[in-house]
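Q: Could you build the full structure based on these sequences and the hints that come with them?
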Amino acid sequence: MRITVTVDGTKYTDEVEPRTLLVHHLREKLGKVGTVVGCDTSNCGACTVHLDGHSVKSCSVLAVQADGCEVTTIEGLARDGQLHPVQKAFHDNHALQCGFCTPGMIMQSIDLLADNPDPDEQAVREGLEGNLCRCTGYQNIVRAVRDAAQHMSPGAGPEAERITENKHVGVGGD
Amino acid sequence: MTATIEPEVGKSRRRKEDERLITGRTRWTDNIALPGMLHMAVLRSPFAHAKIVSIDTSAAKGAAGVVAVFTAKDLDPDSSIGMPCAWPITPDMKAPRRPVLAADQVNFAGEGVAVVVARTSAEAHDALEEIDVEYDELPVILDMEAAIADGAPLVHEDQGSNTSAVWKFDSGEAGTGGNVEEAISSAEVVVKRRFRQQRLVPAFMEPRACVVDPTGTQLTMWSATQVPHILRVMSALTLGIPEHKLRVIAPDVGGGFGGKIGVLPEEMMSLLVAQKLGKPVKWNESRSETMLAAHHGRDQIQDITITSTRDGRVTGLKVELLANLGAYNGLVGTGVPILGAFMFNAIYKIPAYHFACTNVYTTTTLTDAYRGAGRPEATFAIERIMDELAAELGMDPMELREKNWIKHEEFPFTTVAGLTYDSGNYEAATAKAKQLFDYDGLRAEQEKRRASGDKVQLGIGISTFTEMCGLAPSRVLGSLDYGAGGWEHAAIRMLPTGKVEVITGASAHGQGHETAWSQIVADQLGVAFEDVEIIHGDTQSSHKGMDTYGSRSLVVGGIAVVKAAEKVVAKAKPIAAHLLECAEDDLEFANGKFTVKGTDTSTGIADIALAVFAAHNLPDGVEPSLDSDATFDPENFSYPHGTHLCAAEVDTETGRIKLRSYVCVDDVGVAVNPLIVEGQVHGGLAQGIAQALFEGTEHDESGTLTTGTFADYLLPSAADLPSFTTDRTETPSTTNPLGAKGVGEAGTIASTPAVVNAVIDAVRHFGVNDIEMPLTPMRVWHAVQHGTTDAGGPGRGEAGGGLGSIDASGGAQ
Ligand code: FES
Ligand code: FES
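So the protein sequences, as listed, match chains L and P.
Under our numbering, the first residue of the first sequence carries the number -15, and numbering increases by one thereafter.
Under our numbering, the first residue of the second sequence carries the number 237, and numbering increases by one thereafter.
These are computed hints drawn from the structure, not numbers from a lab.
Incorrect hints may appear among the rest.
[What the hints assert, rightly or not] Label pairs and their in silico Cβ distance ranges: (1) Thr(-6)/L with Lys780/P: 41 to 49 angstroms; (2) Arg63/L with Lys684/P: 19 to 27 angstroms; (3) Gln511/P with Lys(-5)/L: 38 to 46 angstroms; (4) Thr453/P with Glu12/L: 28 to 36 angstroms.
[Claimed, not checked] Take a look, some chain P residues computed to stay more than 10 angstroms from chain L by CB distance: (5) Ala322; (6) Ala339; (7) Leu378; (8) Pro443; (9) Pro732; (10) Lys735; (11) Ala764; (12) Lys894; (13) Gln1021.
Values in this document were obtained by computation on a predicted structure and should not be read as measured data.
Backbone N, C-alpha and C define an ideal beta-carbon position, used for all residues, glycine too.
A: Structure follows, in structure tokens:
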């Protein structure tokens, strides 16, 4: 089947097998290897991307279902050499070790913050329930998400505009 | 005139590694794609134990995209290739051959039987279904005690027994202490317990993978491995590939925890297949395959006897283990219980000690190193039985520990197991932890809840632990019959522009070596943190190494870096003297500068690097290079320690456990980067708590792993874990120049007993003195209902116990 997907701002038209999963299309066909695969039961969340502004596990979406959609991956977050506030918060708070879960964690965190701009600890923990990390014990991830929230909340300056802008282009929007 | 530069060591530097990881520009093995690359998939046995009657690959060979199909006979016509075991623990240890692919018989569910190579991974996996294997089932052997009983069916018929080896240590015989049997017969108090260490899955998030490229002058293998150097040597020895013709690269590796320490049959298959086909080949496993075929950890039955005086002085400790090896000897799995043997006495002065382990074959996936390897098992047993002893004595478990531990002024201290602990301050760590935790306040609340019969009871769990880190002095490894040394290598290259390349043999898989090593080198050479680049994980550039496991990276590999830096300074000194026209003795080196004593005449290390590059004006006989090479073999292990305190609320009506607070104060010696230390502790705690509460494999009667995916195996998510309060004390190690001790495993080792002790403490007054791990609500509820003194309960069948000398009091409610 022929599908057209806009990934990180670039339009790609390709032939795909009906059974191809979005994650494999991204990785193998489009070379978007920043999104990774950690399981085959849709439990780990390592493959999380945004599809038309909402986080999805890209191993549970068929490539054909993404036809005509906008996909944002971890590779499309930083703009003009500027990290997304959530990326920066992960770095600042040492919220990653091996980094394998990190792309999915960051994508899920952005979606979580779009839904709830100022989550308490419990809300962050529940919002990340579908993403597994074996290295960090989650504590610094939780801290990073709450830290990012502070930087993106209204009145926080350019960072706040950033999230608004993202909403507009379908990153982290609702 | 030299401005003092703030030292890098001790700073919470944000990690250098992060940039590529948070932007998705990482190089995982599965990201590697080479021109003409083929994909390999492995057909795995669905049976735990069976003869292979026949394999028909004809249909698979004709399937779409398939390039080749191999069985054992095609890959290894002489049936001669066996996977390596580096640790023959006794001279008579059994050594059943583990073939690269099973030829005649499969011995665990998941063992490889055939491989398909195809144009795409999907085609390779499709074709697996076309292979027709006829099996003749053999008896399944899952239970260790049944496996070693007389007349038991055998995993390996030709080995004559399922006992692989028995290894013993006895303090009476070794001359390090007294005789345990005497201690037992003369003891005022004897407490016995049987504990189970359930089988765990290491569950690194990046599944295993490798790519082999046979084109070019060398064979190149990328692998998601913890041990690129060991992998190269072992591949060479196993397959007869000349070592210099093989280059192994561990690119970014997504976690290991000991789970990526093995040399894999799949790696050997990939090497063989790629050579045969003359094309690059990739193997990338699914999570379900990882669960089935990557090695598991723990899986021991521990029979422990502790003796003491009525007033709580421990007089003896006897430990008898059954350790489940699975179907074969892993690379180092045979020795994992032995690593624990030295740690059962923990931080205590115990006058008599006996240890014996029996390694057992069963028809299950192999076990091998998993975070802590042997030491978490040992720490669990001693910390649990200290609580049981305290209960028997009617003493506060903290008081019992304080009575028996090694005092600060008694270091260095040689233990009954024969190790010399260099430094420690258990009093300081404990005092800090108690204060952060509000130990006394929580004990008072516990009393109140007990008295009022609150349905939610409160328990306090203590774990005061130490571990031996920094594997390891080569001589010690030799005395334990381990097949290699424990040294580590580093090299430093000063570049003409003043930048520095550091090569380390300790290859990281998430621990942040690039950052920590940069901090060390910045201090040693007086260069900027940003000017240091760390090179690792490629046998071509980092040509010597023993890799990363056993919390050895910093305390062995990091020290090698220090030694290499010292050599660079020593090499630079005569050149500096020559350039400054003074005697070497007149120079002092600080903050990257050689200064003529008492003057402000100086030259920096970067200037010397440039002078060396130009080589216009060097002293006679000095080579134009500012490089160094150093190998460090530690004299002793290092011994981090700490006090972990856990408060658990247990709902006695539902068995639900809530961790109300978790406080730990760890002493890892000097922390090179406190931020990284904290992160390591958090991650370690999560894994140890997971063993206590969530994780554990289950097999059905046919030997099928019923917890074979992340849907069935309960890896905790953020919602399942609490926040931790972590703090440190800093008692420097006296056996290395950094004073560091290692941190990778501490959290995992200490937390499992802290949590279990807390839960038992909450419900002890119901007569409960043990609950088997993981402490599921069902098991806890069952224990409360039945006031059980054994480890039984629904979910794990017959689960030992019943050996305790403590009477059940309180009974069922
Ligand atoms: S790979 Fe998609 S959830 Fe695990
Ligand atoms: S950082 Fe390694 S799995 Fe999350």
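Q: Does each hint fit the structure? Answer for all of them.
A: To see whether the hints hold, each was checked on the structure:
1. Roughly 44 angstroms separates the CB atoms of Thr(-6)/L and Lys780/P, a value that falls within the hinted 41 to 49 angstroms.
2. Judged by the Cβ atoms, the range 19 to 27 angstroms given for Arg63/L and Lys684/P is violated: they are separated by roughly 57 angstroms.
3. Taking 38 to 46 angstroms as the suggested C-beta distance range, the pair Gln511/P and Lys(-5)/L conforms, at roughly 42 angstroms.
4. With their beta carbons about 29 angstroms apart, Thr453/P and Glu12/L fall inside the hinted range of 28 to 36 angstroms.
5. The non-interface label for Ala322/P is consistent with chain L: the shortest C-beta to C-beta separation is roughly 25 angstroms, beyond 10 angstroms.
6. Chain L leaves Ala339/P outside its interface by the beta-carbon criterion, the shortest separation being 29 angstroms against a cut-off of 10 angstroms.
7. Its beta-carbon lying about 24 angstroms from the closest one in chain L, Leu378/P satisfies the requirement of being farther than 10 angstroms from that chain.
8. Once the 10 angstroms rule is applied to beta carbons, Pro443/P is inconsistent with being away from chain L; the minimum gap is 7 angstroms.
9. At the 10 angstroms boundary, the C-beta of Pro732/P stays outside the reach of chain L, the nearest C-beta of that chain being 29 angstroms off.
10. Every beta carbon of chain L lies more than 10 angstroms from that of Lys735/P, the smallest distance being close to 23 angstroms; the non-interface claim holds.
11. Once the 10 angstroms rule is applied to beta carbons, Ala764/P is consistent with being away from chain L; the minimum gap is 19 angstroms.
12. Taking the minimum C-beta to C-beta distance to chain L, about 13 angstroms, the non-interface status of Lys894/P holds against the 10 angstroms cut.
13. Annotated as non-interface, Gln1021/P keeps its C-beta farther than 10 angstroms from every C-beta of chain L; the closest such distance is 30 angstroms.
Hints 2 and 8, counting from the list given before, are not met by this structure.
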